[in-house]
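Top to bottom, those sequences are chains A and B. The first sequence: position 383 = 384 (the working numbering), numbered continuously. The second sequence: position 14 = 31 (the working numbering), numbered continuously.
Derived from the structure by calculation, the hints contain no laboratory data. Yeah, the Cβ is synthetic: ideal placement off N, Cα and C, and Gly gets one too. Where hints are given, some of them may not hold.
Stated by the list, open to error - In the EDC-like style, the derived pairs of lysine to aspartate or glutamate whose C-alpha atoms are separated by at most 20 Å in a straight line are: (1) K102(A) x D115(A); (2) K116(B) x D209(A); (3) K87(B) x E217(A).
Unchecked claim - Residues from chain A that face chain B, not an exhaustive set, calculated with beta carbons under 10 Å: (4) G61; (5) L189; (6) L195; (7) I196; (8) V201; (9) D203; (10) Q205; (11) D209; (12) E216; (13) S219; (14) I711.
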Amino acid sequence: MTLGNDELLKEFLAETNEQLAGIETDLLTIEEGGENINEELVNKVFRAAHSIKGGSSLFGLKKIQELSHKTESVLDLIRSRVIRPNPEVVNILLISFDKLKELLNNVMISNEMDISENLVALTGLATSFLPQSEKGFFHKQGAVKLPAGAAVNVNEMDLELARKSGHYVYFVEYDLIHDIDMLDKNILDVVRLLIAFGKVLDAQVNTDAVGTLEEEPSGIIPLHVLFSTEVGPDEIEMVLELPKERIKLLASPPKDLPAAPPPIQIAGISPPTAPARTEVQPATASDKPAETGAAATQSPTAHPVNTDGEKAKRPASDQSGPPAAAGSVADATLRVSVEVLETLMNLAGELVLSRNQLREALSTNDMRGVNAGSQRVSLVTSELQEAIMQTRMQPIGNVFNKFPRVVRDMSRTQGKEIQLIIEGKEVEMDKTLIEGLNDPLTHMIRNSCDHGIEMPEERIRKGKSPTGKVTLRAYHEAGQVIVEITDDGKGINPAKISASAVSKGLISQEKVLGMSDAEKTALIFLPGLSTAEKVSDISGRGVGMDVVKSNLDRLGGKIEIESKVDEGTRFCIKLPLTLAIIPSLVVAVGNERFAVPQINVLELTRIPAAQIQNKIEIVGDAEVLTLRGRLIPLVSLGRVLGINREVVDETTGQTLTDRRQSLADRRSRRSPLLEEVAITGQTGSEPSAAKREADSDRRYHAANDLNIVIISTGTFQYGIVVDQFFNTEEIVVKPLGRHLKGLPEYAGATIMGDGKVALIIDVSGLAGKAGMRHVSGSSRAAVLAAETARENRQDSMSFLLFQNQPGELCGIPMEMVLRVERIERSQVENSAGRRTMQYRGASLPLITLSDAAEVKPIDEAQKLAVIVSSIGGREVGLMVAMPVDVIETRLQIDQKTHRQKGIAGSAIVKDKTMLLVDLVEIVETVFPEWQVSAGPEKTADKAARPLILLAEDSDFFRGQVKRFIESEGFAVAEAPDGQAAWELLCQLGEKVKVVVTDIEMPRMTGLGLARAIRAENRFAGLPIIGLTSLAGEEDIELGKAAGITDYQIKLDRDRLLESLRRILPRAAERQIEF
Amino acid sequence: MTSFIQNQKGDTASFFLKGDFVQSNTNGLRQALLDSIKNGTTTIKIDLNEANCIDSPSIGLLVSVHNTLKPLAGELIVNRAKQPIAELFSVLQLDKRFKVNAS
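Turn these sequences into a full structure, and let the hints steer you where they fit.
Encoded structure:
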């Protein structure tokens, strides 16, 4: 091998990569065109193969040369319309180009690599399309009739290809001494001339005629050339400047040949005008000066020559090839347009001028000049940064271009019909990012084709078009690049994913029960999870999406998934434009500064020292921040990295080391670190009152506020607790030294304006170091969120407050209230011992609390109001004293102290005791004939009463609802939470006819219970009624998704019973044996 | 003034050309090569690092060296040939007769 000059080889490989970049797309377009051959495109691919052949011969890359030659031959046959580019032909060409890429990526060992399969395929392809009479041309050597003594040789295939390309083939006989040297020509120029006008099929120096060193120089050096050119016999002598007898015509183009395509530039010896080659020109007087070459290029043929200058001006989308294999020689090079280089030069000049200006101002102590100079330096630096970044920017199309091939190949092998739509190829990104995107995107596109898109028959059954659609889209948004991969396939089934994760032991069943569908879908990022029913060569090995995620993490990107069963899946990748300079938030812990990439920063929040105890909870072993209803797990940066935090002692102004282990060091029973009193230094003993006060002061000092950076990793959020926030800055990313490479919590380092080093935080790595994982973190957050939501929502209800007597506060759940009407005393009518009022054209029965309960009668001297409610299907008005008020609060309801007829219990509201009015009991007392409650006696046979399983964690509500249900003649089995209900249901089995469940409960929520029920076949069709005090549309949707049949408001007795009556017939066949 | 430097190491002789590989610049080279082979050299290395061009007689000289070494099972190696010269050897297929390492 003659691999000599590294720089030249690198240049060749870079150029080759450029040429190969769009080959796949071009070949696929050629395939689509079928018989309507796009000659321009075929020529383009041909040129690539041809250039590779030329270049590889220069470096002695025999295998590359041989394979590119055979590939070129087949392309020539396509160009000549001998071969029709059907899918089989294009497939062989694609595979050949793949092999060429492989050889080029392993250039140093390419000569030892095996290409026999490719050669056989290409040869077979070429011969199979030739007429019977011409078969064998591909191999047949020496069959062409050459003059006697000719040292050259050519296979008939090349000869035929030349003819079909519209070329004449000549045998040319030079004597290097007499025809070249003695005519003051230079052998290099002669060869350049040949190449400029055609193609050297073979050339041989007759070495035997030269003799040895011992012999006298013979005076002749015969050179035989087989030359293929468009130049006809009439002009050939003039062009070659040789007598006629030295040129013999061997073959002419067929007469009916269509116009020949333009000749090809050879990458090896360039035509004389090629500027890059002119730098090595013959320098001696004996050599032919450059005019010969110049004259040659001014020939009438006027071949289009692609000069280096032209290349430099090409749009970036035409430049650069696909990312080469790691470690390949071409990796290290990048083509930059001359325009950008000129801009850089100009800016460098500007920088020098600015420096001079600054230096001058400093030497004369001219502060105005210093300011002006520094401003100028700042401006030029920004522009310089932008221009330099531009040199690294490449179109994302460089990666996208490979996917038509990937999708095509997968469609063929899997028998699917898949259309790939690519948008936004022109979006530019940093070279490193583009290279890093290659593997994750390939994996996701393959996944979409393999797992996403269904077989055509299945798609038709689902009412979809038989052709599946995969869309790859890139666009800019908010300074980031968004890459979306969307398919209209079968989507990701969250239940299947979670079941797979559980069965593989990657996550517990309990965790899964508390997860939303989106969180279950995100489980695909767990290592080792695959739901593919069979392992194919494409996917299903359980590796992949976790690698995709970690690769994207390394690129500073985020990935999100949206998926709907039978509708499709959308992956959304968010990436920074570049990795070299990134906007980052600078924070500090102790005396150390750190940079947090802005892309991961959602928001900053400061918790005043006085609110820390309220805002930060300790759930399990985790500290969580309650932020606008969400629970955000917290990580103390100082604690994770082992840096001491500091607190300011307000009384002394001293800065002390904060030795608290808990952010919410509340000295309460909730804190597991109750006894940790490091600040006071009195571990385990009760601190003195004075000390306690000092503690309090210190903890509530403004300097001890908690600064939290809310981080999003794409799949979950968490907060980083730091001491200080600084500005957002554009930082230059420096790779970490070898000794720090293994630390996952750092993504790199940067140098700050004051010259100090700041480490860049890797948010995923930090979360990992703190014991969080993206999915487990998420599930934990979900559990915590559910727990807090439950706490927040437990017994949280709206009550209408009123007074029966001054100071006697009463309340009714808002769910029971239809309307509130202010009335005058005169409106109240007394007849037949009953109070009524005319209301909306009818007589409204009026009741008061004292009708049933042992309370003072209402003071009718006060302003009155009537609370209209519906009991037993009839409207009734509760007379109360004004004013009335509405509150929403969490209540601890005491069902014993004030329990009596008409009063369900009591609770403390605003430091006062509120009597909870039981309207149903009052009505039953006043109007027994209404038979509001059918009562258990309504159904004589207890065993025949339908059994309702009631799950409700609040004793009060459970008691109330149970009473409603039993009053309607149902039997009730009670459970204080979802888990208990599930266990009870498993025991009772089919005896249970309907499940009525609260939503927010400990251990297992109502939604979790519903999912568990729906997951069991034996409970198929079991109606579930969800009870909630907050039934928004979202809640209802969530409930339906979990399998809840109907939603009812807590304590809305009539509607609950109506729902039960409506639902029960469906479950009528269930045997009652309770 | 000699236009080349000769270096002998065992049975290998290296010749470093000073300037272009053209007849006018290689006086005495043919004889030096012959003498070296007669003295037992079986490997001749010719370094063309400084040569920007080559003429026909010099090509003839290389072929003669090759022809002389061939029966002796010797080897001719052309080192550091500049791109146009290496390309020329490739087109003329001389790189199949002797080893050519491009610069």
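* Close enough to count: is the Cβ of D209(A) nearer than 10 Å to one in chain B? -> holds, 8 Å
* **Status of the hint placing D203(A) at chain B (closest C-beta pair under 10 Å)** => Since chain B brings a Cβ to about 8 Å from D203(A), closer than 10 Å, the hint holds.
* To do: Mind checking the CB of L195(A) against every CB in chain B and telling me if the closest is under 10 Å?
  => Given a least distance of 8 Å, the restraint on L195(A) holds.
* Is the hint on I196(A) kept, meaning its closest Cβ partner in chain B is under 10 Å away? -> With a minimum Cβ separation of about 8 Å from chain B (threshold 10 Å), the hint on I196(A) holds.
* Asked: Given S219(A) as an interface hint, is the shortest Cβ-Cβ distance to chain B below 10 Å?
  -> At about 8 Å, which falls below the 10 Å cut-off, the nearest Cβ of chain B leaves the hint on S219(A) intact, so it holds.
* To do: Return the status of the interface hint for I711(A): holds when the least beta-carbon distance to chain B is below 10 Å, violated otherwise.
  => violated, 59 Å
* To do: Take the C-alpha atoms of K116(B) and D209(A), compute the straight-line distance between them, and say whether it is at most 20 Å.
  => holds, 18 Å
* **Residue hint G61(A), partner chain B, criterion CB-CB below 10 Å** => With a closest approach of 7 Å, the G61(A) hint holds.
* Asked: For the hint on V201(A), does the least C-beta distance to chain B fall short of 10 Å?
  -> holds, 6 Å
* Is the Cα-Cα distance between K87(B) and E217(A) 20 Å or less? -> holds, 18 Å
* Asked: Does Q205(A) pass the interface hint, meaning its C-beta sits closer than 10 Å to a C-beta of chain B?
  -> Cβ of Q205(A) sits 6 Å from chain B, so the hint holds.
* For the hint on L189(A), does the least C-beta distance to chain B fall short of 10 Å? -> holds, 5 Å
Hint compliance for this structure: hint 14 alone is broken.
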